[in-house]
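Working from the sequences, and respecting the hints, build out all of it.
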Amino acid sequence: MFAKLLIIIIVAGCTAATLLVNRQHRIDTAHEIAGLHARIVDHEQNLWRLRQEIASRSRPEDIRRALQSFDRHWVSLPNRSRLREPRPEIRLATGGDFRIRDARYEADDAIDEHDLGG
Amino acid sequence: MQRATAWGRVMVIGMILLMGFQLARVVQLKISPNEKLAAHVGSTMSSRPEFAKRGDVVDRRGRVVATSSLGYRLFVDPKLVHDLGTIAAEIAEAIDADPVEIDREIIPRRDRRYVVIRHLLEDWQVDAIRRANIRGVGLQPRLVRHYPNGELAAGLIGMVGFEHTGLGGMEHRFDQQLEPQSGRLTYLRDARQRALWIEPTGYEPGRSGETVQLSLDLVIQEIVERHMQNVVASHNAGGGRMVVLDSQTGEVLALTDILNPREGWEEQTEDPMRERHPALGRNRCVTDPYEPGSTFKPFIWAVATELGKVTLDERLDTPAVGVYRTSRGRRIRDAFNHGNATWHDVMTKSLNSGMAIVAERMSKQQMQEAIARFGFGQRTNCGLPGESPGIVTSPRAWNHYTQTSVPMGHEIAVTPMQMVQAFAVFARDGTLPRVRLTALGPEERALEVTNRVLSEEITRKTRRAMRDVMTEGTGRRAQSEKYQLFSKSGTAQLPKRDGGGYHERRYVASFIAGAPYTDPRIVVLCVIDDPDPEIGYFGGAVAGPVVRDVIDEVLIYLGVEPDQPDIEQPMVLRRP
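Just so you know, the sequences run in chain order A and B. So in our numbering, the last one in the first sequence is 118, and the numbering has no gaps at all. So in our numbering, the last one in the second sequence is 576, and the numbering has no gaps at all.
Hints were generated in silico from the structure; no laboratory data involved. Among the hints, a few may not be true.
Once the Cα atoms are required to be at most 25 Å apart in a straight line, the calculated SDA-like pairs of lysine to any residue come out as [unchecked claim]: (1) B:Lys-30 <-> A:Ala-3; (2) A:Lys-4 <-> B:Gln-22; (3) B:Lys-496 <-> B:Glu-387; (4) B:Lys-79 <-> B:Pro-141.
Pairwise CB distance ranges, derived in the manner of DEER restraints [what the hints assert, rightly or not]: (5) B:Lys-364 <-> A:Ser-58: 30 to 36 Å; (6) A:Ile-10 <-> B:Glu-199: 46 to 52 Å; (7) A:Arg-39 <-> B:Gly-14: 49 to 55 Å; (8) B:Gly-202 <-> A:Met-1: 44 to 50 Å; (9) A:Arg-64 <-> B:Thr-471: 39 to 45 Å; (10) B:Ala-24 <-> A:Met-1: 23 to 29 Å; (11) B:Ser-234 <-> A:Arg-39: 52 to 58 Å; (12) B:Ala-97 <-> A:Ser-58: 46 to 52 Å; (13) B:Asn-230 <-> A:Ser-58: 20 to 26 Å; (14) B:Glu-204 <-> A:Arg-39: 18 to 24 Å; (15) B:Thr-186 <-> A:Met-1: 49 to 55 Å; (16) A:Ile-9 <-> B:Thr-186: 37 to 43 Å.
The beta-carbon is built from N, C-alpha and C at its ideal position, and this holds for glycine as well.
In structure tokens form, the structure reads like this:
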């Protein structure tokens, strides 16, 4: 009789302990979810701030000034003319690393072949 | 053995009673704690808002015009502060501010629970306050609106007020679409305020506002504002207005309105709200009509031709010297006499006498209907607040003076927006576009309904005549080396504010043009208000060059090929 009662108490105790452990896991998970949610919200708000900063640094006049500082003649990409006359070939006196080409002949070149950097 | 069994029973019963007592105690503490304990426990549920962002305003290429981010307001709860005497110094050290100023904010309000020190902190100040961890000092998140392009197109975009609601311009116009809806997060917390549990119904997500895409192009806007600032300054003008319209779609690509107050000049245009903030002023491109002068001639010229009142090569009795007298004796003066001119020459040389001759061949109803056809006397409904329908003489008040004045662009007042909308008819196939300030979506393009104003043939003839304005007439100074323009210049006297006639030697110089002539893409109108006559006042000389320069830059930016036949193609430096 005593043994049966003891077993019942032990089993009840183990069950309670197991329930407590599960409860703790649930609480820990909820806490982690809340923490993740807070981090996602932080990241989102950081993205808002970055978007604003990028927009501030890419204003039309800033880009225009940057392009002007490269000291090159920029042509809008859609403004490509087809070949009409024989290609004039002019070599610079600097040693021939560069050739001045007519923009008309750039029409079929891939966009990334334009030298956009210094 | 029996003794051991008895002790065992006692222990078991004792343990059961103990556990039962503990259980009862837990229930009692949970349901009905005593007063002292209850004061410390309080509510275990917390709630905080989930901020949602106000919608972005972007230009036609998706560049950000207006956006929001989260900022922080610094506040103090004087009741929680340990020492009110030193709190100001602690805060000042953290945020690099004047402690005396902070003290002046806190001390008189020591009985309050919420005293604002700074409405908006910079990022480093927020970090500093967090690190300082001063008791009684808090950071309250709030939405902050940013306009990355500063005052560019400020009058069109508008701004938001303290409650993050739209005040003026597109911010006000689209306030409902832009407005966010904050959410809420309700959670069970522990003694250290950490979240323990969130019920499924405890989270309401926030909904950010919709993005509004304008028809505006920021690059074109910058081009326009730069040129207009220069011309207003160089001609010491009272102000200037310019509109750039995509003639094929009716989208407004750029719109600017400049006021230039000058010392000692009488009756200048004022806008007190604009002095408080550029975004709060009225937009004179829609609110303030003006007398268009000769820029109005193409509309009546086209309708008179279509009605068969005159043919292109018909010679009219325009005077070689002096003035022309109408059938009722009214005297009409031309800027320059040309003798017997053809109807085509009336346009290219901008002859008032020729317009009056043909105006007398039209009935009042035909003239009134011609004006209404092009949308004058009606709002364009582009969406900007305070739009004026312009001023058109009522049929009841219409007399011979009106009949002969309107074709010259007098006794009628139009807004710049009405002018570009109407002029776009000549840049299209004779249909009137609907001007708009929001980008046209693909579905809208497919379903666009337009109103036919002129036949295609008359449209082409009128455009041809206006092309000759550039080569033979008043637009010669505004000829472009890259693009063929079709245009009309106008020089009108500045009316007095009290309605008592016109100012002597004060004018409104205007110029309107479309380009390229071979395949028109844009229409540009420039109105220069009250340029200094000592420097220049004719539309073709003052406003014409600005329009030409803007058209050149804008069409190159849009990648439109030059259509001048002898243009040299640009060169590009390229690595082999």
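Cross-check of the supplied hints:
no., hint, in the structure
1, B:Lys-30 <-> A:Ala-3, "34 Å, violated"
2, A:Lys-4 <-> B:Gln-22, "23 Å, holds"
3, B:Lys-496 <-> B:Glu-387, "22 Å, holds"
4, B:Lys-79 <-> B:Pro-141, "21 Å, holds"
5, B:Lys-364 <-> A:Ser-58: 30 to 36 Å, "55 Å, violated"
6, A:Ile-10 <-> B:Glu-199: 46 to 52 Å, "35 Å, violated"
7, A:Arg-39 <-> B:Gly-14: 49 to 55 Å, "50 Å, holds"
8, B:Gly-202 <-> A:Met-1: 44 to 50 Å, "49 Å, holds"
9, A:Arg-64 <-> B:Thr-471: 39 to 45 Å, "32 Å, violated"
10, B:Ala-24 <-> A:Met-1: 23 to 29 Å, "26 Å, holds"
11, B:Ser-234 <-> A:Arg-39: 52 to 58 Å, "56 Å, holds"
12, B:Ala-97 <-> A:Ser-58: 46 to 52 Å, "32 Å, violated"
13, B:Asn-230 <-> A:Ser-58: 20 to 26 Å, "24 Å, holds"
14, B:Glu-204 <-> A:Arg-39: 18 to 24 Å, "19 Å, holds"
15, B:Thr-186 <-> A:Met-1: 49 to 55 Å, "51 Å, holds"
16, A:Ile-9 <-> B:Thr-186: 37 to 43 Å, "39 Å, holds"
The structure fails hints 1, 5, 6, 9 and 12 (numbered hints given earlier, in ascending order).
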